[in-house]
Amino acid sequence: MSFRLEAAIGERGFDTAFEVHDGETVAVLGPNGAGKSTLFALAAGLLRADSGRAVLDGRILFDDRAWVPPHARGVALLAQEPLLFPHLNVVENVAFGPRAGGASRHDARGAAERWLGEVDALALADRRPAQLSGGQAQRVAIARALAAVPQLLLLDEPFAALDVAAAPALRRLLRRVLAKRTAVIITHEALDAHMLADRVVVLEGGRVVEEGPTAELLERPRSRFAAGLAGLNFLQGRTTAPGRLRVEGLGDVFGVERPEADAALAGEDAVAVFRPADVSIYRPSEVPHGSPRNAWRAIVEELEPRGPQVRVHAATPRATIVADLTPAAAAELDLGPGSAVVLVAKAAAVAVYSA
Amino acid sequence: MSFRLEAAIGERGFDTAFEVHDGETVAVLGPNGAGKSTLFALAAGLLRADSGRAVLDGRILFDDRAWVPPHARGVALLAQEPLLFPHLNVVENVAFGPRAGGASRHDARGAAERWLGEVDALALADRRPAQLSGGQAQRVAIARALAAVPQLLLLDEPFAALDVAAAPALRRLLRRVLAKRTAVIITHEALDAHMLADRVVVLEGGRVVEEGPTAELLERPRSRFAAGLAGLNFLQGRTTAPGRLRVEGLGDVFGVERPEADAALAGEDAVAVFRPADVSIYRPSEVPHGSPRNAWRAIVEELEPRGPQVRVHAATPRATIVADLTPAAAAELDLGPGSAVVLVAKAAAVAVYSA
Amino acid sequence: MPASAHPERRGYSGLPRWIYIPATLGVLFVLVPLVGMLARVDWLNFIPLITSDSSLAALRLSLETALASTAACLVLGVPMALVLARGPVRGRRWLRALVLLPLVLPPVVGGLALLYTFGRLGLVGRWLDVVGVQLAFTTLAVVMAQTFVSLPFLVVSLEGALRTAGGRYEAIAATLGATPTHVFWRVTLPLVVPGLASGLVLSFARSLGEFGATLTFAGSLEGVTRTLPLEVYLQREVDPDAAVALALVLVVVAAVVVGVAYGRRLAGAVSA
Amino acid sequence: MPASAHPERRGYSGLPRWIYIPATLGVLFVLVPLVGMLARVDWLNFIPLITSDSSLAALRLSLETALASTAACLVLGVPMALVLARGPVRGRRWLRALVLLPLVLPPVVGGLALLYTFGRLGLVGRWLDVVGVQLAFTTLAVVMAQTFVSLPFLVVSLEGALRTAGGRYEAIAATLGATPTHVFWRVTLPLVVPGLASGLVLSFARSLGEFGATLTFAGSLEGVTRTLPLEVYLQREVDPDAAVALALVLVVVAAVVVGVAYGRRLAGAVSA
Amino acid sequence: GGTTAAGGSASSSASSGGSLTVFAAASLTATFTELGHDFEAAHPGSKVNFNFGGSSDLVSQLQNGAPADVFASADQANMTKATSAGLAAGTPQIFATNVLEIAVPPSNPAGIHTFQDLTKPGVRLVVCAQQVPCGSATQKAAKAAGLTLKPVSEEQSVTDVLGKVISGDADAGLVYVTDVKGAGGKVSGVTFPGSSSAVNSYPIAALKASKNASLAQEFVDFVRGSQGQKVLGDAGFGAP
Ligand SMILES: Nc1ncnc2c1ncn2[C@@H]1O[C@H](COP(=O)(O)OP(=O)(O)OP(=O)(O)O)[C@@H](O)[C@H]1O
Ligand SMILES: Nc1ncnc2c1ncn2[C@@H]1O[C@H](COP(=O)(O)OP(=O)(O)OP(=O)(O)O)[C@@H](O)[C@H]1O
Ligand SMILES: [Mg+2]
Ligand SMILES: [Mg+2]
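For the protein sequence lines, the chains are A, B, C, D and E, in the order given. According to this note's numbering, the stretch in the first sequence is residues 1 to 355, in order. According to this note's numbering, the stretch in the second sequence is residues 1 to 355, in order. According to this note's numbering, the stretch in the third sequence is residues 1 to 272, in order. According to this note's numbering, the stretch in the fourth sequence is residues 1 to 272, in order. According to this note's numbering, the stretch in the fifth sequence is residues 1 to 240, in order.
Just so you know, these hints were derived from the structure itself, not from any lab. Glycine residues also receive a C-beta, built at the ideal position from the N, C-alpha and C atoms. Take these hints with a grain of salt, some might be off.
[Stated by the list, open to error] The calculated label-pair distances, taken between Cβ atoms and stated as ranges, are: (1) GLY58/B with ARG297/A: 49 to 59 Å; (2) TRP18/C with LYS180/B: 29 to 39 Å; (3) ILE21/C with ALA169/A: 52 to 62 Å; (4) GLY58/B with GLU248/A: 49 to 59 Å; (5) VAL149/B with ARG92/D: 32 to 42 Å; (6) ASP126/A with LEU122/B: 40 to 50 Å; (7) GLN151/A with ALA72/B: 47 to 57 Å; (8) LYS180/A with LEU122/B: 37 to 47 Å; (9) GLU19/B with ALA17/A: 52 to 62 Å.
Just chain A, with the same shape it has in the complex (with noise of 0.2 Å):
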């Protein structure tokens, strides 16, 4: 059941390779407009490809002669918007798949009163669509996805609109579901990937910008984006020695080799990346000296209230760079937009790789 496609699209300047071994969960992220769903779509034979080919256990979904329509597929969509069709009740749009496979009446129904249990929407089976609210139309949208075992599943942005309850619950449904079939899940939230996904992929401007195993790639990332969603703190420059970096505007940046991760040659194109929590600041006047550390002037943009903590944006000469204080010491340091300030980071918890 593995599935691999390529294709390119002039117009969305969209020209991607992209594949799911059998089994995998594979988690797409990239920002808005990246061409996640375009790449959903593709797959699923809602839109037809410049050029390009996909294969999906040794059948071609479409190449440049052939192309299988989408109910041939086996390739099951939950897009972006959860789509109920209006004129069935709850049940009967999670029994839609299983009837259109050829089950009975009877099993489809039961099949759908099903899932509709997992996702704990059973009690709005007699419902309309039009009497849902947002994220009960949510799940029964990804019931109606999940009944209908396809050979590969997509899942667009499952998780949209549920509450803080049932996010997980259906995050530990899917965890479930998933370990047995070949999917793939679009997401904006890192802790899916790390929950549900085998190997992350990163689509930007239509293309692949980096891809690898979802605990790697979130612990290391080598994208901008990677490390934007994993929460942390990303400098792009050339090795000087072990562990050093130069960037422009910022100087040399010193850290430490990952045992594991690609030593850099000097010279090389290499990230440094640490965590906002690693990241102290002081007073112009008061930075203190000591063990090897990274201290760059910058100006405070930005204080946002993060539950426990004050995270600060503050701009360097090269990128912006978050720090997380608790609130007592923002206000100790009487910090607020426009603020001068040092931002100091320990070479130690800066970790410098390949690029």
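Go by the hints and put chains B, C, D and E with the ligands onto chain A.
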């Protein structure tokens, strides 16, 4: 520009009284189907209540006799779906509000372009909504709602579908914009409430179950929903002594009274709240003794990878408690669904206060 | 969209108030002539006429043929509308123009065209004649004439509804494994029920009132091809006021058929 | 839906294959009689007839009056359709039934009804006569007759489209501060362009082909009330084949007008 | 401008002294159009406008106040309606007559040669309905011949009968002599002796409402005069 609404709709089990003060931003939280969007529809005039009244800035919006139509209310709504006008291009969509408000074509276009710039969607100005990705459409919808400059702004899950780079940027934009406006925002993320809202209202089953200043409510939640939102474990019971709570099925829970919280009198309903990181897990044979602590027998239900940590869901006779461990600790304990464990929480880490 | 296709009772429906002025004028423009007709009818005299054998036979024939031709329009027209709205783009404009032609053809000329085609010496008719089938002067000819004039009404109005509805639900249904046929029956048709209802009402009404093409192609024989409009015409030769009374029967019967079918069943399918 | 109202060229349109069978049959059923007509026309003989003064006058009159009555249908019918689709529920079914009545009225009877109402001795006409206005047998009467028979076509097909489109965009527009009038012009109308186009095409075509009501209410005076269908009817008294040739002119002109307006401008407004 | 167009054509005729509106049966379209031209030639400065339609239609229109100067009906029943409604000025006068003839397709597939042949089994006969003048004439002729006709269709007008014969769907139809003549070679006529038992007469009358009574009367006279009779005779009509 204060706003007050009391309304009931029998059919939806909705019966809520709700208030926003002048210049305040209120976050409305609650599970799917709680009635959040219903509240907005009532305020915007898209739905009629069975009974009730609403007053904005001294003007009656509706009561038993009067009913002001939506366009005359001065209430703008960002709905849960973007609903961009399909026959207008992006800039015309955003200019719609200003035009409707009487601005000249030129001025409206100027305003539209300004707001599009703010949401980083100026490049999309000439596209049709059908040519936008989900997140792009959401950004345009936000710009359109902001451009209308209403007296009361209602935002229903504004950050849905936004990517990890766009969401923080828009959060900061809204933080800036809402500081000067009277607004209500529906969200499922504690972070939004923290960053944007002065006050939080929790709806459940059509009723307000909890409300209060954001930081206070999220730090000392009194409802299971709010605790879940804040990512905290939550137990309900009756106090037996200061800082001690009798919870059915778990016996006495030891904690500390937070000095700033309301002291719970003996025999009163109270809650115990603690972080997943403060829960340790032991094999039943290896439970340590020592400082005042809580120890509960439990059965592991599930393990979730959560970035650098593992989240363990363990069922006690009373409630499911979650604990965050390092992967190494989880591996050492050889945890898996069904493992019998003992959960330990230091009394010092458990906050007890009246419900 | 369909989710709120039927305006909720408690929901918002912002009609500008001035819209009631032209709407009322329009209703009056339709209504007053009907009242003018009613005022002219001397019911006591006309009840025997209306309940005469020939009138009742004509009424029965009218209802039967109009229903049959509406069914024919459904069977032929729904696929035509679908192909026009969603089919391959090439030639769509020409196809649409072709389908519209019977719409502008004066009915009598439409009847002549049918006669030239399906008549004994016609393009198709001469072959039918060889196998012993003659259409002219049969009830089937009435149905054909009515279908010919009514078909475009169904096609055009349904095509409009199909385009307004778009094809997103069909696409989702296909990804759930539904074959195009399954999608057609379970998604497309139910979704355009309001448009289909409009189209059916239009073609039923057009069939029921059809006169020129029927007369020209099928002739006029009591019980076989003389529908109520033809009977009304004959009656008019004798007494125009009696013809008006007879026409009112047609109108009332049509209103009942249409009102029951459209008001309850079809429109209800979506709003319920 | 409207977002993808126009099927994308590269998108999926899952029509079942068998649908092309009834669709083709339907197209043939419409097409073959037209070919049958064409086959009968001896163009060389008829070109003088078609280009005769009386034919050209009739054609001009037909186009002018059909355009005028289509405009009247627009002005009266759009508000009627809106009120039917979105207005207060009470009495909607009765209103709809009323509006449908002219649909089933045989056109000649419709003409009589107009004559009884707006004729010199009619319900309304006698008052108009007092102020010196006579409607019957004027070009205005032609327009009125055409409007009377065409109005329901616009109303019914537009109502279907309005219901399919739903009212969600209107609601959002209102929350952005747009008055119902602004919403009507900038949201409702543009959104139902395909349905409106269908409705306008139907009523234009019905007006253009209108015969019975015009003849009865407006008479058949060359240059004043004798539209092309009336000319065709008279021509048929003389030579049926010539009448067919003349009708073809009508058809071609209508196809051009409709094809240009519908194919490009209106349909394009949404898909572009 | 529509309001004045037709009203004006009648009212202004008095002042200009030249414009006439003639309501004439549709079956007179060809002959009266020609007569109109002839009349205009004979009366320089005059203009004749025709409103052709079914005779009963025309009467309805006249009863409802249609502005007209002359009415020419295809039968006497409709003219009687006009006179009893007090519309005619003076007594209507017959200006033409017409008799029935059997029309058959040129190949005459059913071999119709006599009136009796119409009742042969398998002959697809088309006639006018009894409510219209040609239909009542048909009934009279059948009665005179002592035959019961079994038509496959009873048409609304002669034109409709003729159409069915021309298309070949009917083996025979009963129409007027003038219709067979007018159809050129598209049908052939079979005369039958009993046709004289059912003669149809065409009455004409000037109307009271006429604003140009003298010109209206002149037109009536013109139709009944030698020039008019010649045109009508050429078309196959009989003398009054
Ligand atoms: N129908 C269309 N016609 C033309 N361009 C389109 C169309 N739909 C989307 N696009 C463009 O194609 C690109 C990819 O869009 P896509 O919907 O795949 O993005 P996405 O990665 O799913 O984004 P999001 O996270 O916002 O959903 C975007 O630039 C978008 O504007
Ligand atoms: N049109 C309707 N008719 C009847 N009931 C409805 C309708 N719309 C919503 N409801 C019901 O009303 C309740 C409140 O719905 P609402 O949309 O306000 O929820 P919500 O708090 O916005 O949820 P979500 O977070 O999922 O968007 C739900 O139980 C829902 O099923
Ligand atoms: Mg997307
Ligand atoms: Mg909601």
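Going through the hints against the structure:
no.: 1; hint: GLY58/B with ARG297/A: 49 to 59 Å; verdict: holds (51 Å)
no.: 2; hint: TRP18/C with LYS180/B: 29 to 39 Å; verdict: holds (37 Å)
no.: 3; hint: ILE21/C with ALA169/A: 52 to 62 Å; verdict: holds (56 Å)
no.: 4; hint: GLY58/B with GLU248/A: 49 to 59 Å; verdict: holds (57 Å)
no.: 5; hint: VAL149/B with ARG92/D: 32 to 42 Å; verdict: holds (37 Å)
no.: 6; hint: ASP126/A with LEU122/B: 40 to 50 Å; verdict: holds (46 Å)
no.: 7; hint: GLN151/A with ALA72/B: 47 to 57 Å; verdict: holds (54 Å)
no.: 8; hint: LYS180/A with LEU122/B: 37 to 47 Å; verdict: holds (45 Å)
no.: 9; hint: GLU19/B with ALA17/A: 52 to 62 Å; verdict: holds (55 Å)
Going through the hint list in order, the structure satisfies each hint without exception.
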